[in-house]
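Number of protein chains: 4
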Amino acid sequence: MPKWNVEFTGKRPALKNPVFIEGLPGIGNVGKLAMDFLIEEINAKKIAEFTSYSFPHSVFINEDNLVELPTIEVYYKKFKNKKKDLLLLAGDVQPIDEQSCYEFSHKVLDIAKDFNCKEIVTLGGIAMKTEPKNPCVFCTGDSKELNNAYKKSIKNLNNNLYGIVGPIIGVSGVLLGLAGKRDIKAVSLLAETYGHPMYLGIKGTKEILKILNKQLNLKLNFKTIDKEIETIDSELGHKTLSAADLQRTKALRKTKRKSCDDINYIG
Amino acid sequence: MPKWNVEFTGKRPALKNPVFIEGLPGIGNVGKLAMDFLIEEINAKKIAEFTSYSFPHSVFINEDNLVELPTIEVYYKKFKNKKKDLLLLAGDVQPIDEQSCYEFSHKVLDIAKDFNCKEIVTLGGIAMKTEPKNPCVFCTGDSKELNNAYKKSIKNLNNNLYGIVGPIIGVSGVLLGLAGKRDIKAVSLLAETYGHPMYLGIKGTKEILKILNKQLNLKLNFKTIDKEIETIDSELGHKTLSAADLQRTKALRKTKRKSCDDINYIG
Amino acid sequence: MPKWNVEFTGKRPALKNPVFIEGLPGIGNVGKLAMDFLIEEINAKKIAEFTSYSFPHSVFINEDNLVELPTIEVYYKKFKNKKKDLLLLAGDVQPIDEQSCYEFSHKVLDIAKDFNCKEIVTLGGIAMKTEPKNPCVFCTGDSKELNNAYKKSIKNLNNNLYGIVGPIIGVSGVLLGLAGKRDIKAVSLLAETYGHPMYLGIKGTKEILKILNKQLNLKLNFKTIDKEIETIDSELGHKTLSAADLQRTKALRKTKRKSCDDINYIG
Amino acid sequence: MPKWNVEFTGKRPALKNPVFIEGLPGIGNVGKLAMDFLIEEINAKKIAEFTSYSFPHSVFINEDNLVELPTIEVYYKKFKNKKKDLLLLAGDVQPIDEQSCYEFSHKVLDIAKDFNCKEIVTLGGIAMKTEPKNPCVFCTGDSKELNNAYKKSIKNLNNNLYGIVGPIIGVSGVLLGLAGKRDIKAVSLLAETYGHPMYLGIKGTKEILKILNKQLNLKLNFKTIDKEIETIDSELGHKTLSAADLQRTKALRKTKRKSCDDINYIG
Numbered sequence: 000m001p002k003w004n005v006e007f008t009g010k011r012p013a014l015k016n017p018v019f020i021e022g023l024p025g026i027g028n029v030g031k032l033a034m035d036f037l038i039e040e041i042n043a044k045k046i047a048e049f050t051s052y053s054f055p056h057s058v059f060i061n062e063d064n065l066v067e068l069p070t071i072e073v074y075y076k077k078f079k080n081k082k083k084d085l086l087l088l089a090g091d092v093q094p095i096d097e098q099s100c101y102e103f104s105h106k107v108l109d110i111a112k113d114f115n116c117k118e119i120v121t122l123g124g125i126a127m128k129t130e131p132k133n134p135c136v137f138c139t140g141d142s143k144e145l146n147n148a149y150k151k152s153i154k155n156l157n158n159n160l161y162g163i164v165g166p167i168i169g170v171s172g173v174l175l176g177l178a179g180k181r182d183i184k185a186v187s188l189l190a191e192t193y194g195h196p197m198y199l200g201i202k203g204t205k206e207i208l209k210i211l212n213k214q215l216n217l218k219l220n221f222k223t224i225d226k227e228i229e230t231i232d233s234e235l236g237h238k239t240l241s242a243a244d245l246q247r248t249k250a251l252r253k254t255k256r257k258s259c260d261d262i263n264y265i266g
Numbered sequence: 000m001p002k003w004n005v006e007f008t009g010k011r012p013a014l015k016n017p018v019f020i021e022g023l024p025g026i027g028n029v030g031k032l033a034m035d036f037l038i039e040e041i042n043a044k045k046i047a048e049f050t051s052y053s054f055p056h057s058v059f060i061n062e063d064n065l066v067e068l069p070t071i072e073v074y075y076k077k078f079k080n081k082k083k084d085l086l087l088l089a090g091d092v093q094p095i096d097e098q099s100c101y102e103f104s105h106k107v108l109d110i111a112k113d114f115n116c117k118e119i120v121t122l123g124g125i126a127m128k129t130e131p132k133n134p135c136v137f138c139t140g141d142s143k144e145l146n147n148a149y150k151k152s153i154k155n156l157n158n159n160l161y162g163i164v165g166p167i168i169g170v171s172g173v174l175l176g177l178a179g180k181r182d183i184k185a186v187s188l189l190a191e192t193y194g195h196p197m198y199l200g201i202k203g204t205k206e207i208l209k210i211l212n213k214q215l216n217l218k219l220n221f222k223t224i225d226k227e228i229e230t231i232d233s234e235l236g237h238k239t240l241s242a243a244d245l246q247r248t249k250a251l252r253k254t255k256r257k258s259c260d261d262i263n264y265i266g
Numbered sequence: 000m001p002k003w004n005v006e007f008t009g010k011r012p013a014l015k016n017p018v019f020i021e022g023l024p025g026i027g028n029v030g031k032l033a034m035d036f037l038i039e040e041i042n043a044k045k046i047a048e049f050t051s052y053s054f055p056h057s058v059f060i061n062e063d064n065l066v067e068l069p070t071i072e073v074y075y076k077k078f079k080n081k082k083k084d085l086l087l088l089a090g091d092v093q094p095i096d097e098q099s100c101y102e103f104s105h106k107v108l109d110i111a112k113d114f115n116c117k118e119i120v121t122l123g124g125i126a127m128k129t130e131p132k133n134p135c136v137f138c139t140g141d142s143k144e145l146n147n148a149y150k151k152s153i154k155n156l157n158n159n160l161y162g163i164v165g166p167i168i169g170v171s172g173v174l175l176g177l178a179g180k181r182d183i184k185a186v187s188l189l190a191e192t193y194g195h196p197m198y199l200g201i202k203g204t205k206e207i208l209k210i211l212n213k214q215l216n217l218k219l220n221f222k223t224i225d226k227e228i229e230t231i232d233s234e235l236g237h238k239t240l241s242a243a244d245l246q247r248t249k250a251l252r253k254t255k256r257k258s259c260d261d262i263n264y265i266g
Numbered sequence: 000m001p002k003w004n005v006e007f008t009g010k011r012p013a014l015k016n017p018v019f020i021e022g023l024p025g026i027g028n029v030g031k032l033a034m035d036f037l038i039e040e041i042n043a044k045k046i047a048e049f050t051s052y053s054f055p056h057s058v059f060i061n062e063d064n065l066v067e068l069p070t071i072e073v074y075y076k077k078f079k080n081k082k083k084d085l086l087l088l089a090g091d092v093q094p095i096d097e098q099s100c101y102e103f104s105h106k107v108l109d110i111a112k113d114f115n116c117k118e119i120v121t122l123g124g125i126a127m128k129t130e131p132k133n134p135c136v137f138c139t140g141d142s143k144e145l146n147n148a149y150k151k152s153i154k155n156l157n158n159n160l161y162g163i164v165g166p167i168i169g170v171s172g173v174l175l176g177l178a179g180k181r182d183i184k185a186v187s188l189l190a191e192t193y194g195h196p197m198y199l200g201i202k203g204t205k206e207i208l209k210i211l212n213k214q215l216n217l218k219l220n221f222k223t224i225d226k227e228i229e230t231i232d233s234e235l236g237h238k239t240l241s242a243a244d245l246q247r248t249k250a251l252r253k254t255k256r257k258s259c260d261d262i263n264y265i266g
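Residue numbers (numbering that gives the first Met the number 0), protein chains in the order written: chain X, 0 to 266; chain Y, 0 to 266; chain H, 0 to 266; chain P, 0 to 266.
These are computed hints drawn from the structure, not numbers from a lab. Do not take every clue at face value.
Just so you know, same-sequence chains aren't split out, so a pair can sit in one copy or run between any two.
Stated by the list, open to error - The calculated lysine-lysine pairs, modelled on DSS-like cross-linking and capped at a C-alpha distance of 30 Å, are:
(1) Lys2 <-> Lys143
(2) Lys82 <-> Lys112
(3) Lys10 <-> Lys143
Please put together the full structure from these sequences, using the hints given.
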């Protein structure tokens, strides 16, 4: 019964220069939403699944009305004609306390190192008192060089962080802080949104996706994204969500998630 | 001084295809009440008792005015003419935090595996704003097949879980989530009740007992149950309980509990 | 840097049939106050001092305006013409969480066993909405025999515990619950008092002292105790205390505490 | 992945009779502010940096708009013509819980012992309902002798601690309490200030600096300090700060901090 359990699924992919992107629940759920859309749109495949004694002691009910332990998952996308493949961290929970967050972040970096990642992007929200109409995006990280590269792709850049933006809490923050100790450059894209972890920050999410699209040349279909956003928004968007509502946002990527069914290659 | 302590009592029973049923304190105490009634009615015998540093740091006062450490207990019932015997998990507490809940659930599954259980049922409540007059019962789990089998025994089935029912928290949830990893099928029966852990959800409890009765062919005497429910209800039912009140509901099974007095067979 | 540290002071006393009495901060501080008065009155000597990473992360300021780590201490009293000597557990704090409370209680029982104690008494308060004028005392424990022996010494006995008195939380409760597992009989004397941990339940304290006096034939001088109670009461009694006020109640036993200055016999 | 990580930077300095001074965030941030000014004014050099799983699970944004893990740092100052050099403990956070605070304090004392420190000074605030116009300073510690020495340098001494000043919580308190067990004398200087950890207790800070200046003959330039205080005060002083505001107070010592760039001598 180890505290942390990671199960790898399918054959180990050979990835080119993978960029590692993280998007977990948090302020406005901007990180989680952007990641769920991204996985759906580029049809990423699951490669690994974390379960842990340091995740919430509960199960979620999925779209088949069956239960699932809380998990955080790693997906990958291998592109044909691009210089950089992707590794993606998605999930419904954050580790439950400080020490777990540090431990988990190191386990994530172990995987990033194993695939020889040189670049990490963490996604999140900056809490505002209301959802802004045209949310700006803040960019920070552990490397001026990588920061500057990403800033070029940000239309609504807000460059005024120091003394304004408080600590970045959770996996999005700790991954940034630890990456340098593991010789990985890291940036964070933080969109303005309404400051509630059970709110769906749709507008901020879209800003984040535009930046990733431009910077990583992903050719995302924003028509599909807009339609999906509309659906979520009409059903769930105009209120503060329950944990069950929030869970439903994952349904968007359900079909693709089920396709990673090969044999395990790591126990 | 290990963190977890389990004492086995009496001779190890030889059980046929045992179904493992869990009912601990929780929303409306539906799980705990149903389990306490069941143990009383079928005259189940205690087989094991958990104490732990991860249970509350307190003692309860029992019906003899003496103190007892908080315990969670395993009972069994061997039937003469049935295909399936029973193992039952009852108690006054839940483990105090996330990690303890996972650890404890694995220890419970160790026992289930040791008796070669193939089927687990966890009992609980779904929080409503008031106690419903005719509470529905939700059914979920880790296996469509077992789910469907139990659904046939549910008169007031509510099949609308996904996106409605939030995470199932505590041992009732984690046992479900971990069972599959130990090759055990698991279902959960969740009755609508008033959303307070110190409330006695009598009506939901009765719905749960009816389902177990039908599905497992237990031949419970609902006249006795109704009378006992009436007694509890008239004394305690119409208010939110204190921890001392709640403790009294265990008195129903006091006589039978005392009868497991043989020698220990596991230290 | 072990989590628990116990330093023994002076020569190990040879004690006759020692009764182990515990009185730590809690509801109305009845246990702590009774113990502080008792140590003062019978001139008990310090024999051991616990410090721990699981005590509050702070220091108190003592009567010399110098700091002291929070400690829990063991005192002893060797009587000339009595059948039973005393071991006494006093202090300014409780362990900070559930697991620490269990661990600490076992460490205390190690000492009790080492001195061959057969009898433990824990002291505490029962929370009322106001301080009762003539507080009753409840008696419970792990042994009917010892319970009945103590009940004979209680004038204002309230025998109506079951279903009324909630769980006994903290060291006073856990010691009771674990004592039986170490073959020690234990009782708890719980006086009615105002339900606030920073209140000084003077009246309940006196009831407890009367019972100990009678049961253990201590020949306490209640005139002195009354005078000391008056002093505390006039200075601190009619309000809810701060932690600094509470600390001052220990001053009563300051002179005697300083007299245990021999060499350490356990490192 | 050890829980505590300390990285030493640069060549190990040879220090004469170093006095170890601690100033971390706390009541009114008096300790942190005094330490930040001191490091700036005497141009102290960084010698070591703690990171830990028991610090907050977040990153701060620094004056270059890049992220930094929360750290606690050790600085030193070697003087030419003085009897006592300095070791200084500064940082943006406190360990997150009781056990971490004890563990961290012992790690700090390991460093103090390694440099053969005989004297520790911890800095902090005493919570008042408003910021006093002429804040007094309290002095306590583990040694009458050292206490008396420091009291001579305190103009606004308040000698009335016992029964008035509550427990000293956090590293400032625990260092005091543990120092004696490591054969180090320790004092604490506690200035009256407004009782909020996100408030900047400028006036109390200045009182503390005056005492250190006199007692350790530091020849601090109070004109510079007054000007810096004015700047901070006009920007941040008249409100309760956010974590981001608080972070900005560290900027005062930014230039000097960057100059410790030699090779690591401990891994």
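Status of each hint after checking the structure:
1. Lys2 <-> Lys143: So lysine 2 and lysine 143 pass the 30 Å test across copies only (29 Å; inside, 36 Å).
2. Lys82 <-> Lys112: This pair counts as within: shortest intra-copy Cα distance 18 Å, inter-copy 50 Å.
3. Lys10 <-> Lys143: between (36 Å within a copy, 28 Å between copies)
Of the numbered hints stated above, none is contradicted by the structure.
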